[in-house]
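**Student:** Sequence:
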Amino acid sequence: MRSSKYWRANLREHLVYSYEDNLKQLRVPLFIAAKDSHPLIKKYQSLTKELNNCSLIQLPENNNEWGEIILSKI
Numbered sequence: 004m005r006s007s008k009y010w011r012a013n014l015r016e017h018l019v020y021s022y023e024d025n026l027k028q029l030r031v032p033l034f035i036a037a038k039d040s041h042p043l044i045k046k047y048q049s050l051t052k053e054l055n056n057c058s059l060i061q062l063p064e065n066n067n068e069w070g071e072i073i074l075s076k077i
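If you want our numbering, it's the 1-based position in the sequence shown plus 3.
No lab work stands behind these hints: they were computed from the structure.
C-beta atoms are modelled at their ideal positions from N, C-alpha and C, and glycine is treated no differently.
Do not rely on the hints blindly, as some may be mistaken.
As the list claims (entries may be wrong) - Label-pair ranges, simulated between beta-carbon atoms: (1) 45 - 21: 30 to 38 Å; (2) 61 - 23: 18 to 26 Å; (3) 27 - 65: 26 to 34 Å; (4) 24 - 63: 29 to 37 Å; (5) 25 - 65: 29 to 37 Å; (6) 24 - 65: 15 to 23 Å; (7) 28 - 65: 34 to 42 Å; (8) 60 - 23: 12 to 20 Å; (9) 24 - 59: 14 to 22 Å; (10) 21 - 55: 17 to 25 Å; (11) 45 - 66: 16 to 24 Å; (12) 46 - 66: 24 to 32 Å.
To be verified - SDA-like mimics (lysine to any residue), calculated; alpha carbons at most 20 Å apart, straight line: (13) 45 - 30; (14) 27 - 56; (15) 27 - 64; (16) 38 - 57; (17) 52 - 28; (18) 46 - 28; (19) 27 - 46.
Produce the entire structure from the sequences given, and follow the hints as far as they go.
**Tutor:** This is the structure in structure tokens:
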């Protein structure tokens, strides 16, 4: 937890696959930031299509981070 306004986590395979059902039940906005070259980009793209509260943010390829999941409170 970083603050009461949002929660961030590094994107990891277990995070998406272990909590996918929970992500589908969220009622707060969810943002997934990832590069096109991320190994799980197809999974993130399909997940954002399934969820009505989720947006995919494209990170530039020169960014050092793979990406992150940002859970924003309303």
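**Student:** Each of the hints needs a verdict: does it hold here or not?
**Tutor:** Outcome of the hint check:
1. 45 - 21: 30 to 38 Å: Violated, since residue 45 and residue 21 (Cβ atoms, about 18 Å apart) do not stay within the stated range.
2. 61 - 23: 18 to 26 Å: holds (21 Å)
3. 27 - 65: 26 to 34 Å: The hinted range 26 to 34 Å holds for residue 27 and residue 65, with Cβ atoms some 32 Å apart.
4. 24 - 63: 29 to 37 Å: Taking Cβ atoms as reference, residue 24 and residue 63 lie about 31 Å apart, which means the hint holds.
5. 25 - 65: 29 to 37 Å: Distance hint for residue 25, residue 65 holds at roughly 32 Å.
6. 24 - 65: 15 to 23 Å: At 34 Å between Cβs, range violated.
7. 28 - 65: 34 to 42 Å: holds (35 Å)
8. 60 - 23: 12 to 20 Å: With Cβ atoms ~19 Å apart, the hint holds.
9. 24 - 59: 14 to 22 Å: The hinted range 14 to 22 Å holds for residue 24 and residue 59, with Cβ atoms some 19 Å apart.
10. 21 - 55: 17 to 25 Å: 21 Å Cβ-Cβ, so the 17 to 25 Å window holds.
11. 45 - 66: 16 to 24 Å: Since residue 45 and residue 66 have Cβ atoms about 19 Å apart, the given range 16 to 24 Å holds.
12. 46 - 66: 24 to 32 Å: Hint violated: Cβ distance 19 Å, outside 24 to 32 Å.
13. 45 - 30: Between residue 45 and residue 30 the Cα gap is close to 23 Å, so the pair fails against 20 Å, i.e. violated.
14. 27 - 56: holds (9 Å)
15. 27 - 64: Violated, at roughly 28 Å.
16. 38 - 57: holds (16 Å)
17. 52 - 28: Given that 20 Å is the threshold and the Cα spacing comes to 14 Å, the pair holds.
18. 46 - 28: holds (17 Å)
19. 27 - 46: holds (14 Å)
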